[in-house]
Amino acid sequence: MVAWLLRGLVMSAVHIGARVLLGLAIVAWPLESTMWKTVAIAAVVLVALIWGGVDGLIDGREHEDPDDYRDLTMVWLKAGLLAGLISAIVCWILGNWVMAGIGQNSLAIEIFAGGSFTTLLIFVPSLVGAALGRFLTRRQHRKNQAARDAEADDDFSYQQTQPVGLTK
Numbered sequence: 084m085v086a087w088l089l090r091g092l093v094m095s096a097v098h099i100g101a102r103v104l105l106g107l108a109i110v111a112w113p114l115e116s117t118m119w120k121t122v123a124i125a126a127v128v129l130v131a132l133i134w135g136g137v138d139g140l141i142d143g144r145e146h147e148d149p150d151d152y153r154d155l156t157m158v159w160l161k162a163g164l165l166a167g168l169i170s171a172i173v174c175w176i177l178g179n180w181v182m183a184g185i186g187q188n189s190l191a192i193e194i195f196a197g198g199s200f201t202t203l204l205i206f207v208p209s210l211v212g213a214a215l216g217r218f219l220t221r222r223q224h225r226k227n228q229a230a231r232d233a234e235a236d237d238d239f240s241y242q243q244t245q246p247v248g249l250t251k
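Here the sequence shown stands for residues 84 to 251, where the numbers follow this note's numbering.
These aren't lab readings, by the way, just hints derived from the structure by calculation.
One or more hints might be untrue.
Claimed, not checked - EDC-like, lysine to aspartate or glutamate: derived pairs with alpha carbons at most 20 Å apart:
1. Lys226 to Glu145
2. Lys161 to Asp148
3. Lys226 to Asp148
4. Lys226 to Glu147
5. Lys226 to Asp142
What the hints assert, rightly or not - Restraint ranges, calculated between C-beta atoms of paired labels, are given here:
6. Pro149 to Arg231: 16 to 22 Å
7. Met118 to Arg225: 41 to 47 Å
8. Ala183 to Ala125: 38 to 44 Å
9. Lys226 to Ala111: 47 to 53 Å
10. Asp154 to Val110: 41 to 47 Å
11. Ala191 to Val137: 34 to 40 Å
12. Leu203 to Gly100: 15 to 21 Å
13. Trp112 to Arg153: 51 to 57 Å
14. Met182 to Ala214: 33 to 39 Å
15. Val211 to Leu92: 18 to 24 Å
Predicted model only: the values in this text are computed from it and were never measured.
In this text, a Cβ means the ideal position worked out from N, Cα and C, and glycines have one as well.
Work the whole structure out from these sequences, hints included.
Right, dumping it as C-alpha cells:
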C-alpha cells in the first residue's frame, strides 16, 4: 500500500474517532466542552507527531546523508489531505443523520473548513516529528563518526614498523 494512503486512512480514522468521542462528551458534559475539544485536538496532534517522528527516525537511519532522505513532506501532505477529505465527509454524514454533538454544517463548509483544519492538524505535527527524528539520528551518526575517527587516530597499524633499508 502506498505510504501516504496508509497514513491518510489511519489518521482519518483517528480524527473521526476523536470527533465522535468529542460529540459524545459534549452531549454528556456540555460545560466542559473546551477541555474535551482540547483533548480531542491533542490526541490527533500527538498521533501525527509520534508517527512523523518514527518516520524521521527510520528515514534518518536508512540514509546517513541528508541529501538522500525521502520526501516526507509530500507523503504527509497527501495523507493530511486524504484524512481531511474523508473525515469531513464521514463526520458530515454522522452529524446530520446518526448522532448529535458533532455539528451540522453544510457539506461545503465541512470539506473546506474542516478538511483544511484537519490537513494542517496532521501535516504540521508530522513534519515536526520527522524533523526531530532525523535530528536525533543525525546526532547519533555524528557521535558514531567521532568514535570511529578517534579509533582510527589511535590505530598505528598503517605506519611503517621496520626501518627503511636500502635494497640492493
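Hint check:
1. Lys226 to Glu145: Between Lys226 and Glu145 the Cα gap is close to 17 Å, so the pair holds against 20 Å.
2. Lys161 to Asp148: 25 Å, violated
3. Lys226 to Asp148: Status holds; Cα separation ~15 Å.
4. Lys226 to Glu147: 12 Å, holds
5. Lys226 to Asp142: Satisfied, since the Cα-Cα distance of roughly 18 Å is no more than 20 Å.
6. Pro149 to Arg231: 16 to 22 Å: For Arg231 against Pro149, whose Cβ atoms are near 19 Å apart, the range 16 to 22 Å holds.
7. Met118 to Arg225: 41 to 47 Å: Holds: the Cβ-Cβ distance is about 42 Å, inside 41 to 47 Å.
8. Ala183 to Ala125: 38 to 44 Å: 23 Å, violated
9. Lys226 to Ala111: 47 to 53 Å: Holds, at about 51 Å.
10. Asp154 to Val110: 41 to 47 Å: Since the Cβ atoms of Asp154 and Val110 sit about 42 Å apart, the hinted range of 41 to 47 Å holds.
11. Ala191 to Val137: 34 to 40 Å: The hinted range 34 to 40 Å holds for Ala191 and Val137, with Cβ atoms some 35 Å apart.
12. Leu203 to Gly100: 15 to 21 Å: Check passed, 19 Å falls within 15 to 21 Å.
13. Trp112 to Arg153: 51 to 57 Å: 43 Å, violated
14. Met182 to Ala214: 33 to 39 Å: 38 Å, holds
15. Val211 to Leu92: 18 to 24 Å: 22 Å, holds
When the structure is compared with the earlier hints, violations turn up for hints 2, 8, 13 and for no others.
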